[in-house]
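Enquirer: Protein chains in written order, with our numbering: chain A, 1067 to 1303; chain B, 158 to 387.
Check before you lean on any hint, since a few could be wrong.
Calculated lysine to any residue pairs in the SDA-like style (CA-CA distance at most 25 Å, straight line) [as the list claims (entries may be wrong)]:
{"id": "1", "chain 1": "A", "residue 1": "Lys-1190", "chain 2": "B", "residue 2": "Phe-291"}
{"id": "2", "chain 1": "B", "residue 1": "Lys-196", "chain 2": "A", "residue 2": "Val-1189"}
{"id": "3", "chain 1": "B", "residue 1": "Lys-187", "chain 2": "A", "residue 2": "Ala-1236"}
Which chain A residues stay away from chain B? Per the calculated CB distances, all over 10 Å, these [stated by the list, open to error]:
{"id": "4", "residue": "Gln-1233"}
{"id": "5", "residue": "Glu-1237"}
{"id": "6", "residue": "Asp-1272"}
Ranges between beta-carbon positions, derived for each pair [to be verified]:
{"id": "7", "chain 1": "B", "residue 1": "Phe-291", "chain 2": "A", "residue 2": "Asp-1284", "range": "46 to 54 Å"}
{"id": "8", "chain 1": "A", "residue 1": "Glu-1285", "chain 2": "B", "residue 2": "Glu-305", "range": "53 to 61 Å"}
{"id": "9", "chain 1": "A", "residue 1": "Arg-1186", "chain 2": "B", "residue 2": "Ser-342", "range": "37 to 45 Å"}
{"id": "10", "chain 1": "A", "residue 1": "Leu-1288", "chain 2": "B", "residue 2": "Glu-274", "range": "53 to 61 Å"}
{"id": "11", "chain 1": "B", "residue 1": "Ile-354", "chain 2": "A", "residue 2": "Ser-1146", "range": "53 to 61 Å"}
{"id": "12", "chain 1": "B", "residue 1": "Gly-252", "chain 2": "A", "residue 2": "Glu-1143", "range": "31 to 39 Å"}
{"id": "13", "chain 1": "A", "residue 1": "Asn-1194", "chain 2": "B", "residue 2": "Lys-322", "range": "30 to 38 Å"}
It is worth saying that the hints were derived from the structure and are not from the lab. The beta-carbon is built from N, C-alpha and C at its ideal position, and this holds for glycine as well.
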Amino acid sequence: MKTCIITGASQGIGRAAAVRLSNEPYITNFVLLARSASGLEGTVAQMNHEGKTIKALPTDLSDIDAIEPLIKSIYDEFGSIDLLLNIAGYAEPAALLDTTNENIKTTYFINVFATIVITRECVKYMRNHPTKILNVASTAGVTPRPGWLAYASSKAAVVSMGETLTQELAEYGIKVYTISPGRCATELRRKLAPEEDPTTIMQPEDVATVIANLIHDDETCLDGQNLVVRQLPAPKK
Amino acid sequence: MKTGMIILAGGVGKRMNKPIPKQFLILAGKPIIVHVLEKVEQLKDVERVVITCPPEYVAETHMLLQHRNLVGRFTCVEGGETRQESVYKGMLELGECDTVVIHEAVRPFVSVAEFRELIDSDHENAIYGVRIPFTVLAGHEYVEDTLERSRLVNVQLPQKFDGAKLMKAHEKARAEGIEFTEDASLLFHYEQSQIRILEGSERNIKITEPTDLIIGEAIYNEYVLGRAAD
């Protein structure tokens, strides 16, 4: 009986992960967080409800002061927090000279600050029993991406966070995973590469399968690494 | 059977040459005292835990507790001018206890199993000790006496004592104005109580000198995480 919190669950990889994991018998409680209430409703509608308690909480994660009481209320209701999937992401591609302060703030609040705060609050309840945290970074965090400065650098922070937390939380029995998806057909990707045909690239469901494999109890060796998740393009004929 | 614990965190870290007391220095990613608190957290039968620390660090210690949801059983009070006075103040804060366990914040590598062995020991007074692997002589500028190494023991914490007897011994020491460096000596001096010496561990070091921090990182990686370098 495990409780799993998923951020960014209203669309893309977050939604695909929620749907995929709802078929796992060992997770019984799901808490889905995202800003969009209608997006969350759409995710809940696609999930397997049999034997599951699913709670969708429309939440603006950029309000980081609201995270502490939110996580406490989740713990109080379910009695444990066992899995945390930090999937929420924000992107607003712009060249350095066009990157506004608002863009920088929003990107970092969602991709970095909220991820740190939600992790901190969850770890208070995840300590001392085997638990897992999975952060979704991006290949943009480890390769140069002119025109994506705020997003790419924020994802580099997520990669670094995973490496540090792997060591810092090891004593508590918490395993930390970082995945960096490459091109994936999400709404976010559409903003970053509007010209791309989404049917030709990796789908959110492919990433969700990787997530499901990593957070399964049987997986014990791949934590602490930045795992690039990428579908190689089909050979051109 | 009420068991209380005092965690001594009163050092000012002169030997470390650092602006903050050594118990608040970072070791393996967290303040040294936190390593101890997280072990004590797992001792559910210890009803109250009193941390004694310098007055200017009481608030900070409360924050460390709060950040880890260590509220309720744990509290922090101002320590005394001396180690002995800090123990006494800690006992006053604990109130009447059948057993008092004393540990120090700068011994981060005590294990939960060691705490358990001590608390569960049939002896009402028990301490940890390790054999002394080197020769100790009496004297400062000149040798004044030899000591028989095989009769000596290097005293470690944690320790546990009968609460009433320890309080009585402390009150006698206060009345006479005598200072002891630790509580087994004090209790033995006044009460001649039988104090069992349990086998301590090499890794339960006291972080005192700057090099101890370096050694501490190695102990953490090897014994706590169980990770040798790849």
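Enquirer: Quick check: which numbered hints come out false for this structure?
Expert: 1, 4, 5, 10, 11
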